[in-house]
Amino acid sequence: MLSAYARFIVRHSYLTLFTVTAISSILTVIPLVCHDLPSFSDPIVGFETRGTTLAHRFIAWENLIEETRPSRSLAVNPKEIEDQIRMNQTYYNRTRQDRPRSGRARSKKKGRDKKKKVHHNNDTNFEKNWPLAEPNISSTHVHWGFGKNKTFEDENAVFLKDHTRKQWVSIKEMQRKPDKPITHNYASGTCGPPISDYAHLVITNTDNTSLLTFENVERMCRLQSMLVELGEAEYYKMCQRDLHSEDVCCPVWSVPNYIALMSGKTTCENLSRDDVSSAVTILKKCAGYFHNFSLMASCDLDRCKVPKYCSQYDAIYNLLFYLIDSQAFTPSDLSQSFVRNVMLFLPLPSSSTVLPYYEILQSSNLSYETLVIPAMEFGLKNALFDLWVIQDTWLIGLGGLFVFMCVWVYTKSIILTLLLFIAITYSIGIAYFLYIYVFNLEFFPFMNLLVIVVVIGIGADDAFLYVKVWKMASKQLIRDNVVSQENGLSDIKNVSSAGETILIQILVETMKHSITTMAVTTLTTAVAFLASYVSYIPAINCFSVFAGTAVLVNFLLMISMLPASVFIVDVKLCTNRRKFLDVIHKNINEFWEDIRVMLNVFIITCVTRLYIMFVIVLGAIGIGSLVVVFYYPGLQLPDLKQFQLFQTSHPFEQYDMVYSSKFLFERFGKDIGTGSKMPLRWIWGVKAIDNGNHMDPASKGHIEFDGSFSVSDPDSQKWLAGFCNRIKKQPFFQPTLGPLLPNCFIESFKMYMSRRCIDHIDKINRTPCCETSVFPYKKEVFEFCIIKAMESLYQTPRELFMPGVAGPKFLRSANPTVSAIVVEFESVVPYSMSYTEMDYFYSQVENWTQHELKYAPPGMQSGWFLSDLQFYDLQKTLASGTVIALILSATLGFIVLVPATLSLVISSCALVAMIFSATITIAILVLNGWKLNVLESVAISTSAGLAVDFNLHYALSYANANGAKSARVKCALSSSSGPTAAAALTTGFAGIFLLRSNLLPYSQIGSFLALIMVVSWSYATFFLCSLLQLVGRNSVKESPTEERKSVSRVSSVCSGVPNLESHELEHLADSSRTNLTHSRSPSNASATTVVLHDDYDNSHNKIVKKSSDTSNNKFSEND
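Residue numbers (this note's numbering): 13 to 1131.
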């Protein structure tokens, strides 16, 4: 098959290249034109669990809540169903009445309607047309809405009210004439208090003094003026306006402005030292009222029983709640006036619209004298990430440029280098096509962009391999088949007798050895990525599919485009290289040759003499890394719900990680945070099934009802009542004061059913929904009365009943039926980011729930427990899934090693080196502060697969060498240390360039790639070879002279290649001066089949005798 493929390339090389390029171009362009480009506006989408037990419950719960919307199939109040049926019937009747029977009837009806039209004039100037004979409209009809009786006001009353309001506004405007036309410099007015929806910044100082000193207040006043002046037109265009003045921006809410307001000053620039001292004194006196909840918001309306100076302008409340950190004026020490951090609110929306203003701030110095702004919250994290994730791709391009230069210098052909990078681009494009149209995946996480770095490194590695083998095979075959001149033959294009047969043979031999080697390395890398598919996190699943696909597509393009490209450049085009490139190439090769020889001698000497020390020291480090990774401190789980997008030093990340928890409005403004109690929810009637697409975070599927559910059965009623009673006896139950009517509806339903049957006042007979019915109730009684009970419950005053998620859910039908129920209580366990605490809470409640359900009647056995455990489930998935993916990747790498080496000892040694390489890399990252989040999980999962490549090279070189084990180790080191070092260099530098990125994911993947390259090369070179020197075996294979002589001249190219794996910047061996042994290992087809026995000796001789006789000791010819 290779022979036929080689013949086709020789005869139709241009056609091959054109066909592959055309197909690749089409497949690359189709998704770019016919499909929306991926958006990264919400980068944390997909960083959730799908497919776990809890994830199924979360999705089922979301679908249940969604299904209770007015337009869906469930209702919490049966009255809604009746009203909807009545409204639909009314609409149907009216449309039937309005539908004309003929054109004449329509015109007559229209005339009659005109006669019956009555005009009602009102202050809205709308004309209302009511038919006179409308029977459904009462003359005393009143419009009710939102707790207020809406009546039409008299025109004079409206005018008087508006006039009074305008007078009040005018007076207020006279009191606050702005010094500047753009902004007020005070903190009161009609703009309200500072809220988190406004952009806000943290101010701190560097001289460790309190920010409530006069000097610092004065500096803050100037700093806030600078922030306003920096924005200029952008600030004025986006600022929140005063309610009664469209030309004036709302003030900056800051400590200096509030002190000025309390002191009666129009601007903070006029503050005196006494004003600041007085404000601090008032804060000390009023802090106690604030902490005992006597001083609340809007106390300036005389709603609070506190001194007037505490409630004036709400200044004290806003200062303590919004602007001053919670470490000052604490309940334990109200006189603690040392303020380290203060907040400053700008009248700008906290959203992506302030991006232009942020860019102005970013380019300026965010400090004034000793004051600095270390953190800010502008609501821009996602928008800025979406912008920078594209902008920072120039760093990926810089790494690609470095690899491009290396390939160009090595191949001496700009055309071949361009074709190589076109193939790499196509591999990404085709992988995206397969991702969208074949795998049918819509979700494209931003992590997929990091695949570009990996593919560039693999593509360059494959190019080095193929070009090296091509040069060696061509030289050897020409020398064996063509009569050469005295000066030798250096290139195919100068050989007139190198016809089609020779070219086909060269291509066959080149592809035979290069493609198999590329296949092994591609397989190990692809397997490493695809192993992460076992994760339950959509972002990781999609990344593993895209990365594995890109690596496999890159291999297919390399074996299709690369042979044709090299053939065209070296044979067809016959381009003359520029002389300056020849000089550069020659100098680089000479320099590299000297370095390579010295490093070879150094490495071989160290390994052969100090192998026991290397095994002990590196083995101990490896064992220590196992302790660090799996025992202490272990893989640290994330302790923040927010996914970190930027570097830790970025102001946005500083705000989320350090400063937000220091201010009370942030701590009390979250929906759920540390300290709030965990809810206890039990759901029946809905299957805990996620039938959506787990690879698409937007696909939630649909709700599935449990057909076996029946709460109306007497046994189910009795069991549910007992279940609620038993909950209250559990240690995790939190008793709550006040009526809890919806929590366990069966209890309130029993109270409802215990009322008297005859209402003597209203003359109503409530039978059977009264005391005559005995609990548990008959099924038909329950189904009838539960509807009446819930209608009555939802008419309860809000002081006694607050609608929530608990209670029965009714199917919207002519006869509403209970399709699902929710029982909800509060637990004693506070919400925590600690995995251990949440795991104990979940295990305790889940085990108790399963025990209870065992003894439930058939209609209630399918219930399930749920709480706010999304973050816990993510932690649990990352902890277990990462380890599983790591073990799977290492196992699959070992499976690749065994058939390649055909030696269990060599494969086991390589496996140990691979595991140590991965665990040491992970241990370094753990000690450097990495938390096991989504991106870190991907890196750790693929570490074993990426570390196996170098070990594979050494293991194959050792396996195919003959002689004593020391000689085999020398051969492995001589042939593989240089090429693997070059491969580590190119991939490592591609990662190093990413360290300059502002985005944490880019810098993390860059540091991971650089670290895994250094560690895996070091362990493959020093630990694996030392281990083989210690426990390896002597080779019993001998290649007799007769067998070597029987090898054909064409096939002897294998003997002319010192090591086909030595493909990057390796010298070319002269076959006439090299002692070669042809291995008879059955694995020759997939690995290097020849080794260089005296490479070490020749290297040593070259150093010793180079000055005396270079020509006699030269053993390589540089391309």
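The hints are simulated quantities; they were obtained by calculation from the structure and are not laboratory data. The structure presented is a predicted model; accordingly, all values stated were derived computationally and were not measured. Where is the CB? At the ideal position from N, CA and C, for every residue including glycine. Honestly, I wouldn't trust all of these hints.
[What the hints assert, rightly or not] Below are the PhoX-like pairs computed for lysine-lysine, each with C-alpha atoms no more than 25 angstroms apart in a straight line:
| # | residue 1 | residue 2 |
| --- | --- | --- |
| 1 | K741 | K775 |
| 2 | K775 | K91 |
| 3 | K866 | K699 |
| 4 | K699 | K775 |
| 5 | K699 | K730 |
| 6 | K653 | K943 |
| 7 | K296 | K320 |
| 8 | K674 | K689 |
| 9 | K775 | K296 |
| 10 | K775 | K800 |
[To be verified] What follows is a list of derived Cβ distance ranges for each label pair:
| # | residue 1 | residue 2 | range |
| --- | --- | --- | --- |
| 11 | R1008 | E241 | 24 to 34 angstroms |
| 12 | K740 | R767 | 45 to 55 angstroms |
| 13 | L611 | T221 | 55 to 65 angstroms |
| 14 | T405 | S222 | 44 to 54 angstroms |
| 15 | H24 | I635 | 48 to 58 angstroms |
| 16 | T221 | S275 | 47 to 57 angstroms |
| 17 | M610 | F451 | 20 to 30 angstroms |
| 18 | Y643 | S347 | 43 to 53 angstroms |
| 19 | L49 | M610 | 49 to 59 angstroms |
| 20 | Q882 | V41 | 31 to 41 angstroms |
| 21 | S892 | S376 | 41 to 51 angstroms |
| 22 | Q882 | R84 | 41 to 51 angstroms |
| 23 | T221 | G636 | 41 to 51 angstroms |
| 24 | I77 | T405 | 49 to 59 angstroms |
Okay, which hints does this one fail, numbers in order?
-> 1, 4, 9, 12, 16, 17, 22 and 24
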